[in-house]
Amino acid sequence: MSEPVLEVDNLSVTFRTRNGLAQVLDHVSFSLGQGETLGIVGESGCGKSMTALSIMGLVPTPPGRIAGGAVRLRGEDLLSAGERRMRSIRGNEISMIFQEPMTSLNPVFTVGEQIAETVRLHEGLSQRDALARAVETLKAVGIPAPEKRVSEYPHQLSGGMRQRVMIAMALACNPSVLIADEPTTALDVTVQAQIFDLLRELQDRTNAAIVLITHDMGAIAETADKVVVMYAGRIIESGTVGEILADPRHPYTQGLIACVPHFLANPPVERPPLVEIPGLVPPLSDLGTGCAFAPRCRHVMPRCRGERPPLMAAEPGHEAACWLLDEAVPA
Amino acid sequence: MKIAAIIAQRLFYAAILILAVLVLNFLLLHLAPGDPAEVIAGEMGGATQEMMAEIRAAYGLDQPLHVQLGIYLGRALQGDLGQSFFYNAPVVGLILGRLGATILLVVTSLTFAVVIGTLLGVLAARKPTGLFSNVITVLSLVGYSAPVFWTGIILVIVFAWVFPIFPISGMSDIRLAGGGIEHVLDVAHHLVLPAFTLGVIYLAQYSRLSRASMLEVLGADYIRTARAKGLSESVVVGKHALRNAILPIVTIAGLQFGGLISGAVLVETVFSWPGLGTLALDAILGRDYPTILGILFFSAVIVIVANLLTDLCYRLVDPRIRSGGHK
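First to last, the protein sequences are chains A and B. Under the UniProt record's numbering, the letters of the first sequence match residues 1 to 331, in that order. Under the UniProt record's numbering, the letters of the second sequence match residues 1 to 327, in that order.
Derived from the structure by calculation, the hints contain no laboratory data. Fair warning: this is a prediction, and the values are worked out from it, not measured in the lab. Check before you lean on any hint, since a few could be wrong.
[Stated by the list, open to error] Straight-line C-alpha distance at most 20 Å; calculated DMTMM-like pairs for lysine to aspartate or glutamate: (1) A:139 x A:152; (2) A:139 x A:83; (3) A:139 x A:113; (4) B:127 x B:221; (5) B:239 x A:152; (6) A:148 x A:136; (7) A:139 x A:129; (8) A:148 x A:197; (9) A:148 x A:113; (10) B:239 x A:201; (11) B:2 x A:152; (12) B:127 x A:113.
Generate coordinates for the entire structure from the input sequences, incorporating the hints supplied.
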């Protein structure tokens, strides 16, 4: 792997809630190099989006607090960088695309202005040049008639178009890291595929590192190079996309993969039931000492309830936090 | 739709509305108890039956109601709102002489309330649990609960007696006759207390409204987007949030214009402001039908014009309305 662009090292974030302190991120670590795509997978509330916000320095404090760890952009620690420095990084070196294209654009400004604003801010371009750049980026993300669209408002565009505008906005300053937080969740399936194609194509062109946050294993299979699977604020499995999909070690990852329905050319009359993982994610303020997944796990052992498993190597570069690995490969 | 077409359409509706206002006001007033002939005769010093009949005949009050209405509407359409029973002068002239003072008072109060109220609300919303926010909330509640006439009287006491800084009565100093900048400053000086009194109740409303609206907007996804672009907090709040947060304020400001005019009646009375409010009070006490009707007519026109302007303003700030609704 090349020199990492982005490193997240033992990042921990806590939130003060009415039910006590919630550990929303617990020693999360990963890194990615130029041109790589890292997929972060997990259910709602597992800490995916919080990881993204921590990298951007946008965790609402209070109630949130970065309790420890480091986020490094080309070696520079962002957690100790000042707000001014962070502002010069956001939208410029690290950009983000959000889940909801319908509500993530400001309804009262033209899309051109919203893109041009970022360029003016970070590159000091004049309004005229910034608008020209906006047209250029809109064209790059495949929006037809960008000269016309640039002076339209978000409500005049479809959901897929809006997400393209969001991507254009994020890419306007050629960031080295792009964080895409569930970029296709709110879109039609056909549009989803287009957006993933677009992201891949843009990555080939700009060589940006992409953090793709999703709960969709299919999207991971399509786009990611490396995958981390999160559960209740911790990484419970990580590896290359091939390893994780072909040989998932953690029962949770296995469950996630089993949940993806398969299309059959000749479906049997008795269709197989849809697979689900029983139970719910536990409250983060009350995780106990054992494995957080234990209450939902099919392979649960007495040890799982008392002792939290650390990440253990299944094979070089592929780790999982499950005692099953310990049983299989005695330490 | 083209903006000219929209204005034409609104003006057409406005004309129908004004006609309805004329008819309804006329009927309501004639249904109300009290006989103008009696009041006028009383003013003249005596009321014999013949005198009353003479007065009724002179003012057309002996005709059947629908005939009176027809005559009234016919004249109104020609811009003649009749002769005041009380002042014995054309109503239109009476009202136009006072209209400027009222509009000056109402517009100043509303501007003061909207600008300062929004500013306070926005500042409060930035730290919704902070001391400043709580102080604003309490002050808003007090300002909102205090009746206009009470605030007025307290201000009169404070500024006439304790700190005699502002004049408490009238619109200008008669010693400063003539025009020029001196006169403008003098009127402005006289305007401070009445405008503040009328504005303060609305100020409280706008600060509450803008605080709530701003808090809602600050939680929106596009604010997160703006922050993720690297914009400074002042640009995020002052540009991205404010443009959205003022939408409800524009609506309410337009709707409240009518309420402000009725508030002006009280304030003008307390501060002897020579506007429509004092004229209305005298007209009501004197059963001066044509003048009351004239004032109601002008108020309705003002409110309709204000709503039209609000509508146009709204189009200016919200592009979604400009292009004819959501997609």
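Inset, instruction - Mind listing which of the numbered hints don't hold for this structure, in increasing order? - result: Those not satisfied are hints 2, 8, 10, 12.
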